[in-house]
Amino acid sequence: MMSPALFLLALITLVPFFSIIWMSFNDVSLMGGLSMTFSGLDNWQRVFTDPDIRASWLISLVYFLSTVGLEMLIGTVMALLVYSLRRGSNIVISLLLIPMFIAPVIVGLLGRFMLDPSHGLYAWILNETGLFDGNILGSVGSAMAAVILMDVWEWTPLVALIVLAGLTSVPEDTLEAAEMDGANYRQKLLYIILPSISNILLVALLIRAMDAIRFFAIIFITTNGGPADSTKIIPIRLYDIAFRFFDLGYAAAVGITMLVFSILVANAFTKLLKRRESAS
Amino acid sequence: MATLQLNNIVKDFAGTQVIKGVDLEVKDREFVVFVGPSGCGKSTLLRMIAGLESVSSGDILIDGQRMNEVGPAERGLAMVFQSYALYPHMTVEDNMGFSLRLAGVDKEQRRQKVLEAARILQLENLLERKPKALSGGQRQRVAIGRAIVRNPSIFLFDEPLSNLDAALRVQMRIELARLHEELDATMIYVTHDQIEAMTMADKIVVLQGGIVEQVGSPMELYHHPRNRFVAGFIGSPKMNFIDVEVRDARGEGILVRLPGGGESRIPVDGSGCQAGDIATLGIRPEHLILDDNGPLTGEIVVIERLGGVTSLYVQCFGEEWILVTDGEVSHRVRDSVRFGFAPTRAHLFAEDGLALPHLERHPLVSVERKENRAAIS
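Taken in order, these protein sequences are the chains called D and P. The opening position of the first sequence corresponds to residue 4 in the working numbering, with each subsequent residue numbered one higher. The opening position of the second sequence corresponds to residue 18 in the working numbering, with each subsequent residue numbered one higher.
Okay, chain P solo, but in the shape it has when bound (with noise of 0.2 Å):
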C-alpha cells in the first residue's frame, strides 16, 4: 500500500527555477510514467520524490506522510538508475543483498530474500558473479532485483532501458510490465521514449519546462491531447500541424477553411472562437487517408518505407505534411496525391495552444491498461 502526493512542488537551481510548482497524486499499485523531453524536470522530480534532491518548496506525501526532510533510505522506496549504478566490486548476490546487510538483517534470511527476487528475475544462475560478468540486460534485472529485495512501498525507476539495445529494451519492458503485476506495487517511472510511456503507463504525466503538461492515460493523452505541446510529444510521427481560419463557430462544431479552399466541420466545442480566428489544425499522420476525393492535395517529397507501413511527406500548400500510409502504396516521389481525413480524429488548437475539446470522449479513453494485459502473467 502506498500512495503519493506532490504538493506544488518546487525546485530551485542556484536562481533557475527546474521544477516549477508540480501537484500529482499517485495511487496505490498505480505504474505512473514521467516523460518529456530531455531537461523538462522529470528525472530532478523523480531524484525529489527519491529525497536525493532537496525540496525547494512544496511538500511530497507518503501514504499521508510528509517527507520533506526523510532521508532516501527511510522513505521506504527503491530506484532503479539509468546506469544500473550497481557496486562493482560486489557479486550479485552481494549486490542485491546490501540494503538488508546494511540494515542488520542476518546471513540466511539475507539470502533468502535474494533468492526470492533472483527467482522472480530469473537470476539464479548469477549470483556468484561480479557485475562486469555480466550483459546489459542481466545488470538492469539485478539493479531491478536490488530494488526488489528492499521491498519498498514504491518502486522508481530513472530511464532504466535506456542503455540496452532495441530488441533488449522490447523484452524488458514487456518484463517491467510482468513486474509490475506479479508485485503488485507502485512504481513510478521515467522516459523520454513515448512508446515506453504508452505501453507500460496506467498513468502518464507530460512535463516540459518543470511543468505539467497533462496528466491522463495513454489513450487519453492520445485521443484528447490538453494542448498542442502533448499533441506533438505523444504520437509518432509527430502530429501534422496547420494554421486554418475559424468560418463558423455557431452550431455544432467548428467549421474551418482548409489549405486550398476545402471546407471542414471540426467536432470540437467552438463556445470560445468565433469565425475569422486563426486555430491550428491537427491531425496525427495515421489519421490522414489518401483519398482521390479529399479536400487536401500535394506532391511527394520523401517516402520512408517501413514495411508494414509507409510514411509519405507531402508538400502541401507550402507545408510539409505526414501520412503514414499502407505498406504496400505504389507512390513514388515526386507523384502528386489527393487526401482527406475523418473529422472525429482532427484537433483543433485556440491560439493559445490549448486543445479546443471534443464534443464525443473517445471510446478506448477508458481502457484500462491491465485489460490489454491478460496473457502476459
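The shape of chain D in the complex, shown without the other chains (with noise of 0.2 Å):
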C-alpha cells in the first residue's frame, strides 16, 4: 500500500540528492545541453583550500551568531514583557508578529528603501542625528549589521512567540513558591522561570540556526553579497558559483558542505535535548 508513496519520495527526494552528490564528482557543463565530466575529488579539493570559501563561511559565522544569539536574547526580553502584561497581550502578541508574516525579499526591499541615502528615513534619521554618514548598504561594516538587524527585526516574534509559550507552561504556584521562598523577580527569573524554559529555548535556538544557515533572500536583495564581499555568506557565494559562474559540480560540492553543517548542529542540538531530558 506504501510503495506508490514512497516511489514519489523517492523521486523527489532521494534522486535529485544522490545527482547532487555524482555532480560534487564532476565537472558540468550547461554548454550545448547537459555534461558530465568526471573529475575525482577536484571539486572537493577546492572546496577546503578556496580561500574565498573560508571567508564566506567565516562571514557566515559572524552572521549566524550575531542573528541567533540578538534574536534569542530580544526574543526572550520581548517574551517576558509581554508575559508580564496585565492586560492587552493578545493585541501586543499580535502586533509583533507583524515582521514574520512579511516575506523576507519583502522585508529586504523594505530595508534597501528605508536605508537608501537619498530618501531613506532610516538614513536620514542616522544621518540627522550624526550616528552615521554615508551609504549604510554600501559599507563594509554598516552593510553587514543592517542586514542582521533586518533578520533580527523579521525573526526575534518567532523566537518571543515560542519562548511566550513556554513561559505559559511554567506552574503559577511553582512561582508563588518562589516568591514565599523569597526570590525577588531576578531569582525567580534565574533558578525558576529561565531552567523551566531551557528546552524550549533550545528548541527555538534550533529552529532560528537551521534556518540561519541557509538564509538567503535579505541579503540577495539588499547587498547581494557586497560591498567587496563583507555580506558574501556561504549561500549567497554558493549562489555565485552555481548561477553566476555555473560551475555546477562545484557548487553542488559547496551545497553538501552546508547540509553536513546542518545535520550536525541539528544532532548537536537532539542530543542535547535528549540529554537533558533523561536527566531531569
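Straight-line Cα separation of at most 25 Å, DSS-like style, residue types lysine-lysine; simulated pairs:
hint	chain 1	residue 1	chain 2	residue 2
1	P	K149	P	K130
2	P	K147	D	K191
3	P	K130	D	K191
4	P	K147	P	K124
5	D	K277	P	K149
6	D	K191	P	K149
7	P	K147	P	K130
Hints were generated in silico from the structure; no laboratory data involved.
Quick one: dock chain against chain with the hints and give me the complex.
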C-alpha cells in the first residue's frame, strides 16, 4: 500500500540528492546541453582550499552568531515583557508578529528603501543624529549590521512566540512558591523561569539556527553579498558559483558541505535535548 | 510563637466580593482548618494570609503586627501547595534548601538544616533525586520539608492531600498531625474534606460564600452546629432535615409534631418560638435508630452496605431519610421499617436557619484534640 508514496518520495528527494553527490565529483557543463566529465576529488579539494569559501564561512559564522544570538536575547526579553502584561497581551502579540508574516524578499526591499542614502527614513535619521553618515548598505561594516538587524527584525517575534508558549507552561504556583521562599523577580527568572523553559529555548535556537544557515533572501535583495564581499555568506557564495559562474559541480560540493554542517548542528541540538530530558 | 488575627478581611475581585468581612483569631501552636464547599473563599483567604493575594480591606496581623503591605517572604510563613509546586529542575535537597540559598546561608549550614528536615520526614535517601523521580506522597513530603526548612512562624497548607490516593491520604493525615506535635508550630490548613478537618483540627473554620459560618472545635461543630449549613456540611452522610410544626414552646424544650402524627420534645431553648411556628428538625443518620416502637415509619428505597455499617435510604411521608445502622441488619429494599431517635441528639433550626441552642452542652465538646493523640509520637 505504501509503495507508490515511497516511490514518489524517492523520486523527489533521493534522486536529486544522489545526483547532487554525483555532480560534486564531476565537471558539469551546460554548454550545448548538460554534460558531465568525471573529475574525481577536484571539486572537494577546492572546497577545502578556496580562500573565498573560507572567508564566506567566517562571514556566515559572524552572521549566524549575531542574528541567532540577538534574536534569542531580544525574543526572550520580549516574551517576558509580554508575559508580564496584565491586559492587552493578545493585541501586543498580534502586533509583534507582523514582521514574521512578511516575505523575506519584501523585508529586504523595505530595508533597502528605508536605508537608501538619498530618501530612506532610517538613513536620514542616522544622518541627522550624526550616528552614521554615508551609504549604509554600501559600506563594509554597516552593510553587515544592516542585514543582521533586518533578519533580527523579521525573526525575533518567532522566538518571542515560542518562548511565550514556554512561559505560560511554567506553573503559577511554582513561581508563588519561589516568592514565598524569598525570591525576587531576578532570582525567579534566573533560578526558576529560565531553567524551566530551557528546553523550549533550545528548540527556538534550533529552529533559528537551521534557518540562519541557509539564509539567503534579505542579503540577496539588499547587498547581494557586497560591498567587497563583506556580506557574502555561504548561501550567497553558493548562488554565485552555481548561477553566475555556472560551475555546477563545485556548487554541488559546496551545497553538500552546507547540508552536512546543518545536520551536524541539528544533531548536536537533539542530543543536548535528549540528554537534558533524561537528566530531569 | 505565632498568633494570627484577621480583622474584617474583605477581598474584592473586579467588583465581586469573594471574602466578605472575615474576623478570626488563631492562637499560638493551634491547628486551624478552613473548610467549606468549592468556591467558598477558603483558598483565597489562605493566599491573603500568605501575601500572595492583596487585601481589599481589613487587617492581617501576625504576632500583633500589621502585615497587609508586607511581601510573602517577609511574613515568616511557609506554604505547602496543592500541586506541591516543587522546582522540577532541582534535586530534593536543592528544593528544600532554596529559601536558605536565597537568604545567603552558607552551604554547610544549609545542608545541616535540610538534613534535619529530611530526617523528620524520612527523606534522607531521596535528597539527590529530582521531583520527577518521586511518588506523590514523597513529593508532598518534600513540599512539607521545604516549608520546615524555612522555620516559619506559621505553616499554611492549601489542600495538600487532595492529589493523593485514599490510603496515602490517611497516612499523611496522621503524619501531619505527628508533625504538628513535633514542630509545635501554628498551622493553618485548607481542605474541602471534612474528615481531614475533623481529625486534624484544634479549631475548624467553616466558610461559605466568603462568610465564616462557624468557628469551633470539631466536636462543637458536630454536636452544636450554629446553623443549618454547618449542620449539613459537617457529618457524613449529611444530616436529615425535615420541616416540623412547633406544638408547644413553653417549659423545658420544644414539643414538635413529627411526620405521621407522633410528637417529640427536643431539649433546646425555645424562648424565641411559639406554637404554630414551622421549624426544621435535624437528625444525623447515625442518630436514627431502628425501633419497632419508634414514632417514624417508612419504606426502604436503597440499601448501601459498607460492611461495618449499613446506610438505609427510607421514604417517610414524602421525605427521604438516611439511617446509618449496624452492618448486620438484614432488611431488604421495599421493607417497611419503624425508627426513632433520642431527643437529646436532635437539632432544631428556626426559619432563618439558625440553630436553637441545646439546653445542655455535649460532654465531648470540651475534649481537646491532643487528648486523642497520646500514642502518635
